[in-house]
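Top line first, the protein sequences correspond to chains A and B. Each position in the first sequence, counted from 1, maps to that position plus 246 in my numbering. Each position in the second sequence, counted from 1, maps to that position plus 160 in my numbering.
These are computed hints drawn from the structure, not numbers from a lab. Among these hints, one or two may not hold up.
Okay, derived cross-link-like pairs now, EDC-like style, lysine to aspartate or glutamate, Cα gap no bigger than 20 Å in a straight line [stated by the list, open to error]:
(1) 251(B) with 227(B)
(2) 329(B) with 227(B)
(3) 329(B) with 606(A)
(4) 418(B) with 201(B)
(5) 329(B) with 394(B)
(6) 410(A) with 510(A)
(7) 680(A) with 328(B)
(8) 680(A) with 262(A)
(9) 680(A) with 428(A)
(10) 329(B) with 510(A)
(11) 618(A) with 328(B)
(12) 329(B) with 268(B)
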Amino acid sequence: MSGLFGLLSATARALEAQTYGLNTVSQNVANVNTPGYSRRQVELAASAPTDALSAGNGVDVLGVRSEHDTMLDQRLWQEQPLQQQQSALANSLGVVQVAIGTPGTSIDSSLQQFFDAFSTLTQDPVSSSNRQQVVRQGQALATAFNQMADRLMSAQQNADSLVKTDVDAVNALASQIASLNDAIAQAGGGATTSGQALQDAQRQLVGQLTQLLPATVTTRSDGGLDLSVGSGQVLIAGGNAYALTTTPQAGSGLLAIKTSDGTDITSAVTSGHLGGLLAARDVNIPDYLSQLDDLAYAVVTQVNTKHVAGYDLNGNTGQNFFTALGSASGAAAAIAVDPAVAGDATKVAAGTTATPGDNETAADIAALSTQKVMNSGTTTFNDAWSALVYAVGQDTQTAQNQEQTHTSVVQQIQNLQDSISGVSLDEEAMSMMKFQRAYQASAQMFSVVNMTLDTLLQMVR
Amino acid sequence: MRVAFNTIYRSTIDDVNRAAQELTDRQQEVSSGLRVRVPSDDPTATTVAIQEHDQLNAIGQYSSNADAAVARLHVVDSVMSDMVTQLTVAKTAAAGALTSTATAGQKEGAIATLQSVRDALVSDLNTSFHGSYIFSGSKVTTAPYTQSGGGVVSSYQGDTNTMSIAIDKQISVNSTFDGSAIAQGSAATDVFTDISNLITAIQGGNLSAINSGIQNLNGAFDRVASAQTALGIDEQTLTGQQARLTASQQASTTRLSKAQDANMAEAISGLAQATTAQQAALGAAATLNKVSLFDYFK
């Protein structure tokens, strides 16, 4: 009788085991669309026999296993920052290249019209309308430079504000990840189903954080994750998150990123969304601004050199056309027609002598448009603008191409992750059928054992 | 390898998005007619486009200068033609007085003609274009010659600096002229003094002086003719340059179009292909959703 009762017990455990299986299938199907969810597998093992003549003692449920590959997690956390860096860079530079304008409509057009005005002035140097046109085109050119500089600086400021947004997001994620470290430790780590669920959520948050800021992720003994950034500065250690701060740098006012111990990690952040923003803010856009400033400064100095030696309609000399600039730094934002000339077109110098019809200074200034007066006499103004536009276009195209390349790699890693952790509905359907049939068989077995017991009891009445 | 639910949908979404992006790009290319809309589309072609725009602008400005020069030189040509006519009339009148039998009336007629020619020549050399004197060198606001009430003409009031206008990078044409080179040149006296002296000679019946005066008028005639010949060369240069600028403009426009414009046949074909590809991607996405093992459970 004890054998039959043992059989009942074993059958009951079998029913329970298949129920666990069905529960696991149900959990997997319910979470098929849950981001970061790792499919669960119930672990069953045959229960050992208690005597030499027993085939066994049924089935034991050892637990529920979460299927995921830690190596793939690490690989993804290394590749996603590269993708996000190029994405952020491509987006920032995409704004810049729209600001640059199309050929024939931007600074190049303003330069052409300015020098054309001086060329037209040579036709009739005493013409009031020709002189007014020179002043107007000079002002238009200055305005074009001012506005272009403003757009580039706005793009830089926009990247800077996004740096603050990203750092805030990093801190928020770090805080959540640290809280989960405590929860995972209390839940018993990956050995328990509640711990596994917390680990899934934590890995998802770590993935979001590393997209923003590359980090070194280490697994704790209690199942949680610690993160460090830069050259080893701790971001998360156990239940503690050490928030990053942003402080304006002296001079530029642009934000520097510092760890909680005060270490400036700005230059160390070279990937992730933050890395892309910093590259745009600190490398690409300043380079474009510098080229623009060099061009503006060259225009001012070259034109002024000719103009100051020329004579205006009143027979006076020594007048700058543009307000003199001390250096190239900030030239594009500062360029302006000299107020004296702006207010009185007769002060435009057209001749190399004081005679009214002398047009040689105007001709010399007009000729500057085709002369190689920049970069030690190797490039024209238009060449310099062309080089700037090329740099913007090439940098943007490179970032877009790199983003696509890294996106492909990320997708491949995610596909590999899915092949291990992802839920296949067809597979779950098969598992459901498998556990369902097993449950039916165990239930039938239970009925048979029960009837056998009844038969036995009737025998002893 | 296991193919998970998310794998299928991620790759499907990626394919659909990629097809949609390609379709959008082809639509923009066809509707704008441009292959290069932003520098990153083709950085090299963008710089070529910038250079060609600059070239077209330069051609436009040189054309404008050439047109202005043509208009100005036409005026100069007319002036010189008139001066030739006036000097011919003067020589004829003087020749008529070069005889000991000239009557007082004939002498008075010749003198009146010479006075009229002198006034006409002053007017010719004082010609202005858009308010600036053409024959004053660089002193365009100063009349080359003035006349007193008695008809006496002043000395040359302009300077010898002639101005020019650029009609190409290394080509210029004169826009102002040295009036004294036409009126006097290397001669001892200018044409106005010559005419005044001729009038005095006719009044006095000085045949030798009349003859000398006629020789001086011949010298003035030669100077005007020479200037007109040089002007003709400038006008020919302008005509040739305008033709070259037109050809350069067409060539530059072609290069610009080649750099940035879309090949419409290819663009439309590409649009059709992209449309088909998008439809295929959407169809594949819809098909994937239809098959599941759960559908076969009864």
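#### Entry: Those earlier numbered hints the structure runs against, lowest number first
Numbers 1, 7, 9, 10 and 12, in rising order.
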